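Chains as they are written, first to last, in this note's numbering: chain S, 1 to 533; chain H, 1001 to 1396; chain F, 2001 to 2288.
Hint data in this document are derived by calculation from the structure and do not stem from the laboratory. Just so you know, these numbers come straight off a predicted model, no measurement behind them. Among the hints, a few may not be true.
Calculated cross-link-like contacts (lysine-lysine; reagent style DSSO-like; alpha-carbon spacing at most 27 Å) [unchecked claim]:
1. S:Lys27 - F:Lys2132
2. H:Lys1140 - F:Lys2080
3. F:Lys2080 - S:Lys399
4. H:Lys1140 - S:Lys358
5. F:Lys2131 - F:Lys2202
6. H:Lys1140 - S:Lys27
7. F:Lys2202 - F:Lys2132
8. H:Lys1140 - S:Lys399
Pairwise CB distance ranges, derived in the manner of DEER restraints [to be verified]:
9. S:Leu527 - H:Pro1188: 34 to 40 Å
10. H:Ile1133 - S:Gly10: 37 to 43 Å
11. S:Ser75 - H:Ala1220: 28 to 34 Å
12. S:Leu138 - H:Pro1188: 21 to 27 Å
13. H:Ala1195 - S:Leu61: 24 to 30 Å
14. H:Arg1091 - S:Ala8: 44 to 50 Å
15. F:Gly2205 - S:Leu138: 22 to 28 Å
16. H:Gly1139 - S:Val420: 42 to 48 Å
17. S:Gly498 - H:Ala1195: 52 to 58 Å
18. H:Leu1212 - S:Gly498: 39 to 45 Å
19. S:Leu400 - F:Gly2105: 35 to 41 Å
20. F:Ala2285 - H:Leu1218: 31 to 37 Å
21. F:Ala2285 - S:Val421: 51 to 57 Å
Cβ atoms here follow ideal geometry from the backbone N, Cα and C, with glycine treated the same way.
Next come the chains, spelled out residue by residue.
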Amino acid sequence: MSTVERMAGGLGTWLDDRFGVARGARKLLRKVFPDHWTFMLGEIALWSFVVILLSGTYLTLFFKPSMHEVVYHGSYVPLQGVQMSEAYASTLDLSFEVRGGLIMRQIHHWAALIFVAAIMIHMLRIFFTGAFRKPRELNWLIGNVLFILAILEGLFGYSLPDDLLSGTGMRILEGVLLGIPLVGTYASFFLFGGEFPGQLLIPRLFTIHILLIPALMVALITVHLLLVFYQKHTQYPGPGKTNRNVVGAPFLPIYTAKAGGFFLIIFGLSAILGGLVQVNPVWLYGPYHPAQISAGSQPDFYMGWLEGALRAMPAWEINAWGHTVSLSVLVPALVVPGIFFTLLALYPFIESWVTGDKREHHLLERPRNAPTRTGLGAAGVTFFGLLWLNGGNDVIADKLHLSIYAITWFTRFALFLGPVVAFIVARRICLGLQRRDRDKVLHGRESGIIRRLPSGEYIEIHEPVSVEERYVLTAYEVNRPLELTDTVDENGIPTPNGRVRKVRSALSRWYFGTRVEKPTPAEYQQLTAGHHD
Amino acid sequence: MSTHDEMTTGAEGQAAPSGPEHTSGLVQRDEVRGRHARTVDDIVPAVDGVVIEADDHEFAPVERITPDSTVARTYDDPFPNPGPPHHEPRRTDVDPRAARRADRQVAGMFGLATLLLIGFIVSFVAVDTDQMISLPLVGKIGAQNALFGITIGGALALVGFGLIHWARKTMTAVELVEPRHPLRSPEPKREEGAAAFRQGIEETGIARRPLLIGGSLLAALGGLLTAPLVLLRDLGPLPEKKLRHTAWAVEQRIVYENTNEQVKASDMHIGTLVAAHPLGVEDPNRLAKASIFLIRLDPSEVKSQRQLDWGYQGIFAFSRICPHVGCPVDLYEQASHHLLCPCHQSTFDMVDGAKVIFGPAARALPQLQITADGEGNLMAKGDFTEPVGPSFWERG
Amino acid sequence: MKPRFLRRSLDQPGEAAAKSSRQPAEPRRRREPLRRHPLAPLLVLFIALSATGGLYTLLSPGRQAAAASAQSLAIEEGRKLYVSGCSSCHGLNAEGSSDGPTLVGVGAAAVDFQVSTGRMPATRQGVQEPKKKPVYTQAEVDQLAAYIASLAPGPAVPAASDYDTNGANVAEGGELFRTNCAACHNFVGSGGALTGGKYAPKLTGVDSKHIYEAMLTGPQSMPIFNDETITPDQKRDIVAFLNYINTAGDPGGANLGRIGPVSEGLLLWIFGIGSLIGVTVWLTARSS
């Protein structure tokens, strides 16, 4: 036995004596994880979260979460003698006096950006491949909550230094809170400890940012991962893969090496970015004063869609009976994200209601095989993306020499037309790709080789697809619309829930009415038997 | 397990697919068990020849009759699962030289990472924090920060690449198959579980007086959960009328934002913009609402009579806080007399009472009535006549 | 007769044969008496231009130097330059027209700013005149400025000591900049959008003198920050701040234009997520 084996054996014995770990060892250590690059997107989020925790802990050792005013006497010349909060001053010290402080700040910020972006693409992958279906609906919900928490965590995090840019964001937050009917003024006064800006915001944000939300996120991520472990990861249909197995590589050594390596690469990328590309240079923004503002004030990208919504909304305020409701604030800041997140969360349940499908699904669907879902996803992405672009409309106007008003008006119309167009186009593309798959199976792949027959006719030779590919191209379910049986029973009495069932049937028809049928073996035999080239 | 009339599933003898390597797709669990596995639960290598059940993608009958009597039908896959693909050995599996080269590459990456970490320590102690360096593409940047990034980042990335390279090239690469079991418990277990729960509830004896004990318990729990909300009352003061007033008062002098010196009417030319606040107010909370700006216009161009009346010889004072969500509005286009808020592009027409002409702001900027004292120092004639800043429920 | 090089290139093999068949006994090119040197046309052109230029120089008005002072000379020169280059939009007497505002009272500083940054003369009517390569030399600009200043009093061109930043307070300048300038020009002068396609330009690579003049005269949409509202000392501080910011470099790395989270987010998605997805594809690819 080698030294490593002896040591591992010793430790294993110690642990097993106390916890019985050997029992699960074989199952856990050799557990199979399917391998596809789209399964690593969630890992990008996981590992960047670890980077955030590590770098953030370092920052808390130096940052002072206080709004008490001090005069700066550090080494940064353009701010010497300037009055600022201790929070801002300690951020400057971190950046200029503490060796490694600046890179830790930048690693923290870049990793946070990577984190939210990874959550977004991971969520899109889950959506477009149908991984949220039973039994994974709860995991989808947990993921949605994590997404919201990540956005809030980032917002509060970059507001901690109390600089001019993020302070403006807090001012906008106050304006939004004030606009809430009935309780708005109370909510604002309770969060800020009085009128804006108050003295309590930064310390409170600090507690929320380093304790409350991270604790919640760690707990939710743990449950999220345990569920993946326990329910086993989904996989794409393919040769050897079924709904009743998992095909892939074992946890130890392959998966641990790849996951560990990936973590280090993500950490490394954050560090390289932190060293070479400046991010959140608060010393350039200046300390926050409620009377100062800069052109081109944007939040970080994951808040950009809300900013764009605020910019696109026309003026609309209702004054009645001594009360004011500012819809130009409430609609973009609360109603739009409220509806968006609600639809997102409810989607698995809506879809399973429409399909009537109550089985366990462990095989993923290729997006083209779920055209309506893909179309809805495309519409959602378009809506989100348009809002996001509009959040930067003044930067776009400045750099591309356009009129801000033109961009805003374009967005106002495109927000309604764009998703519709995106839905139609995406669904059509999916159906077209399905037809092409069907043709590939039945007629083979166009090889580009032209042959001239003795009769003089030119034909293109089609290569038959391999057995494996033929299987992959047909290994999915063609959902059909739910048929409405008996709306009336034998005595002429309409069945209960008639309207609900009608809606369900109509929705089901919209979802699956237009579909491409799979080739049947009979068709296939017919064609291959007939020497079709 | 047939759903559609003509369609048969693989288990009942589907038309034989082409190719001699497949049987008729029958379930062959025993085959698997006999050849490789100790138990049905075992994880086995996905080698050639392992046959997969054709109806494998379901745990339940295919025909779904949903509870409210709509019927769902699906069709099975027309072609059976061909089984796992042929295992292709890697270069490093067959060629020992390639394997050794891969090992050297991995070791090289780890070694380089170690060197970079030493470089990190050197740059920590030897490089000045203020030192700047000019690089192509990136420009003039901090030297120590860049070195930290390259050394730590490079080291981390190299170890990562090394690990993955190792896993891809020389770690054993057989694909494994692990069976899934239905997540749902088998019926007997379900009943056992339900029975255990029922027994537990029965043993509480709550069935005797459900309303008395259960109801009172619920009420108490509800109270316990809402009680902490009361503790949150002292998070902040009540708004009351605080949002209705600012620091401006009668004869309050107007001073420059940066110097706190009084603004004289003669300081301002047509086209000038001045940022200002009340004399003697330093508290940021009060300044947040009391910030104003002054502009001077040619009186003949001003359309709003009220604006003219509330100004002083063509000098006008307005609240700087945008009525949308509170950003300071400062982008004054002197030529067009339009004032733009940079946050969400609300635009105000400064010759027409700061009326909103574009954007989400719903009200004009509040104007402050001003006049001048004997020496020409500008001063307010009182507070704003309406609340400044974003709208709120009680605004009226 | 075509020049030799042209003829040669047009010669086809057949043509040459035909030619030689037509003139068998003569050599291909006969040396004719020198009636026209190949460079003759150029020489004629040169003589003609010199003559025209010389005659113009001799005969054009203005060369009869009056015994007036240098200043009135400058004003006169400026007037001529004005009439030929600016009057079509600004009126023959700088009274303004539908195409350009009046220049009476704008002062020498405004002229110096607009013309030596190349914004004027405007090449096309747009919402805003961009900075471009100046058309006039500094001497001509001074003359134009002198002429406009002679029409009515206005802000004078600042002296070098006005924008000499020795002893100026960079931090004070930063505070002033953030209060008065950042709303249009961005925290550190990276530029910003105004309404309708107008913009507040970037302040990098701008002369200290021009910054001073812009504050003083309020060009185009910019408000006028006259010396009473922002004192000369304060203007110096602002110039010093901008000079510092533009030369100091970025401690954190490449600054991506200093426009904030928009460019950071773009880089993140394109480079950051892009390269990570590349890594995942490599990571999960079957090794050969």
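So, going through the hints one by one against the coordinates:
1. S:Lys27 - F:Lys2132: Given that 27 Å is the threshold and the Cα spacing comes to 72 Å, the pair is violated.
2. H:Lys1140 - F:Lys2080: 46 Å, violated
3. F:Lys2080 - S:Lys399: 38 Å, violated
4. H:Lys1140 - S:Lys358: 61 Å, violated
5. F:Lys2131 - F:Lys2202: Satisfied, since the Cα-Cα distance of roughly 10 Å is no more than 27 Å.
6. H:Lys1140 - S:Lys27: This hinted pair is violated, its Cα atoms lying about 55 Å apart.
7. F:Lys2202 - F:Lys2132: 13 Å, holds
8. H:Lys1140 - S:Lys399: 23 Å, holds
9. S:Leu527 - H:Pro1188: 34 to 40 Å: 49 Å, violated
10. H:Ile1133 - S:Gly10: 37 to 43 Å: 50 Å, violated
11. S:Ser75 - H:Ala1220: 28 to 34 Å: 60 Å, violated
12. S:Leu138 - H:Pro1188: 21 to 27 Å: 25 Å, holds
13. H:Ala1195 - S:Leu61: 24 to 30 Å: Hint violated: Cβ distance 55 Å, outside 24 to 30 Å.
14. H:Arg1091 - S:Ala8: 44 to 50 Å: 31 Å Cβ-Cβ, so the 44 to 50 Å window is violated.
15. F:Gly2205 - S:Leu138: 22 to 28 Å: Once the Cβ atoms are compared, 57 Å apart, the range 22 to 28 Å for Leu138 of chain S and Gly2205 of chain F is violated.
16. H:Gly1139 - S:Val420: 42 to 48 Å: 45 Å, holds
17. S:Gly498 - H:Ala1195: 52 to 58 Å: 38 Å, violated
18. H:Leu1212 - S:Gly498: 39 to 45 Å: 41 Å, holds
19. S:Leu400 - F:Gly2105: 35 to 41 Å: 36 Å, holds
20. F:Ala2285 - H:Leu1218: 31 to 37 Å: The hinted range 31 to 37 Å is violated for Ala2285 of chain F and Leu1218 of chain H, with Cβ atoms some 57 Å apart.
21. F:Ala2285 - S:Val421: 51 to 57 Å: Because 35 Å falls outside the window, the suggested range is violated.
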